[in-house]
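Colleague: Can you build the whole structure from these sequences, using the hints too?
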Amino acid sequence: MNDAQPMIAARNLVKTFRDFWYRPKVNAVRGITFEVRRGEVFGLLGPNGSGKSTTIKMILGLLRPTRGSLLVLSRSPRDVRAKARLGYLPEETYLYPYLTSRETLDFYGRLFDLSARERRERADQLLEMIGLQHAANRLVGEFSKGMARRIGLAQALINDPELVLLDEPTSGLDPLGTRQVKDLILALARRGKTVLLSSHLLADVEDVCDRVAILYNGTIKAQGEIGELLEVRQQHRMTFPDLSEEKLEEVLAAMERIAGNRPTVDHPRRDLESFFLDVVEQARKETGESSGVRHSEGVANYLSSEAASPPAANRLKELLTEKAPLPSEPEPSPEPPAHEEAPKPRKDLSEQARRKLETLLPTDADPHE
Amino acid sequence: MNKIFAIAAITVRSAIRSRVVLVLLGLLLFAIVGLPLTVEGDGTPGGYVRVFLTYTLGAVSLILSLATLWAGCAAVADEIAERQLQMVVTKPVSLFHVWLGKWAGLMALNVFLLAVSGVVVGALLYWNIDRSDLSEADRETLRAQVLLSLRPHLPALPDIEAEAQARLPEVKASLGPDATVSDRELLRQVRLMLKRRAFTVAPNTTVSFRFSLPDQLPANQPLYLDYQFAASDPTPTLVPHRWRVRRAEGDRFAELRTEVMSGLRHRVDLDPAPLAGQGPVTVEFRNSFDGPVSVLFEPEDGLILYTYAGGFAGNLVRALLIQLMQLGLLAAVGVTAGSLFSLPVAAFVSLFVILMLATAPYVRGLAEREVFVAITEEPSLAARAVDAALAYSFQLMYQTLAPLRDMQPFEDLSVGRHVPWSGVVRVFSIRILLYSGLIGFLGSLLFMRREIGAAS
Chain W
1 MNDAQPMIAA RNLVKTFRDF WYRPKVNAVR GITFEVRRGE VFGLLGPNGS GKSTTIKMIL
61 GLLRPTRGSL LVLSRSPRDV RAKARLGYLP EETYLYPYLT SRETLDFYGR LFDLSARERR
121 ERADQLLEMI GLQHAANRLV GEFSKGMARR IGLAQALIND PELVLLDEPT SGLDPLGTRQ
181 VKDLILALAR RGKTVLLSSH LLADVEDVCD RVAILYNGTI KAQGEIGELL EVRQQHRMTF
241 PDLSEEKLEE VLAAMERIAG NRPTVDHPRR DLESFFLDVV EQARKETGES SGVRHSEGVA
301 NYLSSEAASP PAANRLKELL TEKAPLPSEP EPSPEPPAHE EAPKPRKDLS EQARRKLETL
361 LPTDADPHE
Chain L
1 MNKIFAIAAI TVRSAIRSRV VLVLLGLLLF AIVGLPLTVE GDGTPGGYVR VFLTYTLGAV
61 SLILSLATLW AGCAAVADEI AERQLQMVVT KPVSLFHVWL GKWAGLMALN VFLLAVSGVV
121 VGALLYWNID RSDLSEADRE TLRAQVLLSL RPHLPALPDI EAEAQARLPE VKASLGPDAT
181 VSDRELLRQV RLMLKRRAFT VAPNTTVSFR FSLPDQLPAN QPLYLDYQFA ASDPTPTLVP
241 HRWRVRRAEG DRFAELRTEV MSGLRHRVDL DPAPLAGQGP VTVEFRNSFD GPVSVLFEPE
301 DGLILYTYAG GFAGNLVRAL LIQLMQLGLL AAVGVTAGSL FSLPVAAFVS LFVILMLATA
361 PYVRGLAERE VFVAITEEPS LAARAVDAAL AYSFQLMYQT LAPLRDMQPF EDLSVGRHVP
421 WSGVVRVFSI RILLYSGLIG FLGSLLFMRR EIGAAS
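Protein chains in written order, with the numbering used here: chain W, 1 to 369; chain L, 1 to 456.
Hints are computed from structural coordinates only; laboratory data are not their basis. The C-beta atom is built at its ideal place from N, Cα and C for all residues, glycine as well. Careful: at least some of the hints might be erroneous.
Across the chosen pairs, the derived CB separations fall in these ranges [as the list claims (entries may be wrong)]:
| hint | chain 1 | residue 1 | chain 2 | residue 2 | range |
| --- | --- | --- | --- | --- | --- |
| 1 | W | A4 | L | F96 | 31 to 41 Å |
| 2 | W | F17 | L | E411 | 51 to 61 Å |
| 3 | L | V111 | W | F17 | 38 to 48 Å |
| 4 | L | L355 | W | R23 | 26 to 36 Å |
| 5 | W | P24 | L | V111 | 46 to 56 Å |
| 6 | L | L446 | W | P24 | 20 to 30 Å |
| 7 | W | Q5 | L | L442 | 34 to 44 Å |
| 8 | W | R23 | L | L442 | 20 to 30 Å |
| 9 | W | Y22 | L | P169 | 55 to 65 Å |
| 10 | L | R184 | W | P24 | 50 to 60 Å |
| 11 | L | P403 | W | Y302 | 43 to 53 Å |
| 12 | W | F17 | L | L446 | 16 to 26 Å |
| 13 | L | L442 | W | K221 | 38 to 48 Å |
Modeller: Here is the structure:
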């Protein structure tokens with residue numbers, strides 16, 4: 001499979017659920033066509049019942065399309081060779097309640113024929129990544145929904161998959177967990193993984209996706225790059241540092257003179273997510289870890305880049321695993337300036353990392369650049 | 001294999017941690033310890049052992065059979081309903097791996113539970129015998145006749161086929177031209193008659209029966225003649241008779257003169273010394289009744305020679321292995337039903353299949369019939385067609401079920417009858433390799449057609 005081939009190619013995909021007498025009951029998906037390209041984060045967006053989960057289940061081979069064609073990693077979705085390169089987090093985390101976290105990861109690792117040593121090492125790294133290393137020997141049946149969700153996410157990555165399918169990945173997570181998951185998705189994408197996620201939480205999709213398809217009633221109503229879809233070309237926005245009342249009035253007057261009408265003005269607002277995360281981070285520093293999910297550091301090391309050439313991949317790995325601030329390691333900023341635009345989750349690397357990357361990789365190595 | 005082991009291991013682990021194994025173990029121990037307290041034997045030491053073993057091991061068998069069937073259905077059906085299977089089958093795992101892994105996990109549990117049951121039953125039996133108020137002679141009788149493994153030998157059947165074929169026209173002619181009995185049925189009756197004749201001994205006559213016994217019988221080990229006959233006149237309470245047992249046509253023989261009641265089973269202890277040497281063993285029976293009373297031995301089990309084959313522990317292990325194979329088939333039925341249906345439906349379907357298997361002995365009679373609805377003298381074409389279809393169906397059913405005829409390993413064990421390794425291998429070949437394999441293969445094919453993601 002070469003880089004130009006799509007990771008997922010759906011053509012006129014139809015799924016009709018039938019009743020006991022084989023009569024059509026529900027047309028869940030009605031002839032959708034889309035492609036997911038290597039290295040991108042693709043979002044399936046839509047309200048409940050729009051066909052997102054049904055589409056993902058068809059991609060996973062859990063449901064058979066009624067009509068249309070569907071190739072996953074250039075193979076049938078039911079081909080075990082395709083499944084060996086997939087990671088999947090379902091909408092709800094369906095774990096075995098009588099297994100501990102470590103046993104759960106070990107079990108799924110065995111299904112990929114990983115050696116005992118690999119399973120152990122990966123389980124350790126994943127548990128640390130999701131902040132549950134202290135709960136490695138607890139039964140997952142005792143976990144809160146958020147903790148179970150994290151184990152679900154870890155099992156989806158146990159095989160270092162090329163293609164990760166996440167069905168409502170932030171469902172059941174607190175804002176901290178949501179942010180970590182979004183950071184993880186971005187980190188996976190930087191490492192050459194392809195991610196398909198479905199969600200009805202618009203902010204989640206906006207923060208991490210390169211392209212989206214919006215489903216409604218089983219059909220794709222809009223599809224494209226997220227920047228293009230969301231840009232309002234009829235308006236402009238300018239941001240100034242804090243200005244005195246007099247200077248602000250001068251700027252507005254000048255703009256009114258030039259543009260012909262007076263622009264509106266207000267103070268930028270931080271979004272609630274970043275404010276919440278700052279408060280929790282501050283509290284964590286003051287009181288230490290809680291008994292639930294603990295603060296995690298970075299991404300599991302073994303989740304290597306498949307997109308880059310091996311030497312570059314190794315250097316990229318070194319770069320990404322050194323202590324340069326990664327999105328999963330939010331920089332502490334206990335007292336952000338009152339009028340500063342709150343930092344949105346960034347799709348790009350830190351400046352330090354980006355400069356290093358540019359010296360190591362051709363510009364097309366990272367699709368997000 | 002790693003994937004199958006992983007799925008098997010998770011099945012076992014879940015059963016242990018969900019306390020299913022603990023509860024089953026408790027039930028089994030309760031049955032083993034509690035049931036013998038509620039029953040009494042026939043007053044003889046052998047009767048006590050027979051009741052103890054058949055009750056305890058029968059209860060173990062029943063509990064494990066039901067649990068296996070239910071657990072087999074739940075192993076897959078529950079995971080489909082709870083959607084845990086979605087997480088498994090999206091990994092590089094075929095549904096056949098899932099089927100085999102679940103089956104292997106259930107079998108591992110059964111091995112453990114049967115082994116524990118076997119050890120407890122054996123230990124409890126010996127403990128009960130030791131602490132009971134049996135005399136030393138009774139204990140010796142138990143050790144020599146019941147708590148060991150005796151291999152049964154049946155007499156060779158005479159070659160009656162040529163005579164049966166020759167007698168057929170004569171019998172047919174005697175019925176007249178209007179008889180509606182088919183040639184096949186008539187031949188079956190003639191064979192039966194000739195076989196019975198070979199096992200009938202007229203008054204003051206002697207009949208010889210030939211047995212194929214091992215050339216060297218174990219020294220200082222028991223040799224028993226076990227027999228039961230019916231008398232043509234049940235009025236006489238005792239039938240005097242004489243036994244002579246010898247190797248081939250040798251001069252040395254063991255002889256026994258006695259008189260016993262007809263209709264009851266008797267066992268006599270023979271001296272094995274005269275049977276040294278090679279060749280078949282001849283057992284002569286002389287009916288010494290002074291009057292017109294013939295005796296008839298049932299060809300299937302009227303006359304049995306028992307030779308020593310081993311100890312009780314080995315016999316118990318083989319009996320438990322046969323039971324394990326039977327549980328293997330139940331597990332296959334349960335897992336397959338659970339793969340195709342929701343839990344309640346799977347449970348009903350698998351119970352129905354087990355009932356069908358249990359009818360195997362009764363289907364034989366139906367398979368031998370040719371007329372079901374065409375009972376009039378001139379049946380219609382439709383009636384004959386229905387009969388042909390029914391006859392074919394029952395024959396097919398019989399051919400399918402005949403290899404699954406229920407073995408009774410615990411019954412054999414309880415009377416000291418040898419449970420042979422060949423029986424274990426045969427049951428393994430038929431129940432595990434052939435039938436469970438076939439059920440698993442077909443079940444997996446159908447399972448693969450199922451949309452796992454559609455279950456709710």
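Colleague: For each hint, tell me whether it holds in the structure or not.
Modeller: We went through each hint and held it up to the structure:
no. : hint                        : in the structure
1   : W:A4 - L:F96: 31 to 41 Å    : holds (35 Å)
2   : W:F17 - L:E411: 51 to 61 Å  : holds (52 Å)
3   : L:V111 - W:F17: 38 to 48 Å  : holds (42 Å)
4   : L:L355 - W:R23: 26 to 36 Å  : holds (33 Å)
5   : W:P24 - L:V111: 46 to 56 Å  : holds (48 Å)
6   : L:L446 - W:P24: 20 to 30 Å  : holds (23 Å)
7   : W:Q5 - L:L442: 34 to 44 Å   : holds (37 Å)
8   : W:R23 - L:L442: 20 to 30 Å  : holds (28 Å)
9   : W:Y22 - L:P169: 55 to 65 Å  : holds (59 Å)
10  : L:R184 - W:P24: 50 to 60 Å  : holds (54 Å)
11  : L:P403 - W:Y302: 43 to 53 Å : holds (52 Å)
12  : W:F17 - L:L446: 16 to 26 Å  : holds (19 Å)
13  : L:L442 - W:K221: 38 to 48 Å : holds (45 Å)
Every hint from the earlier list agrees with this structure, and none is contradicted.
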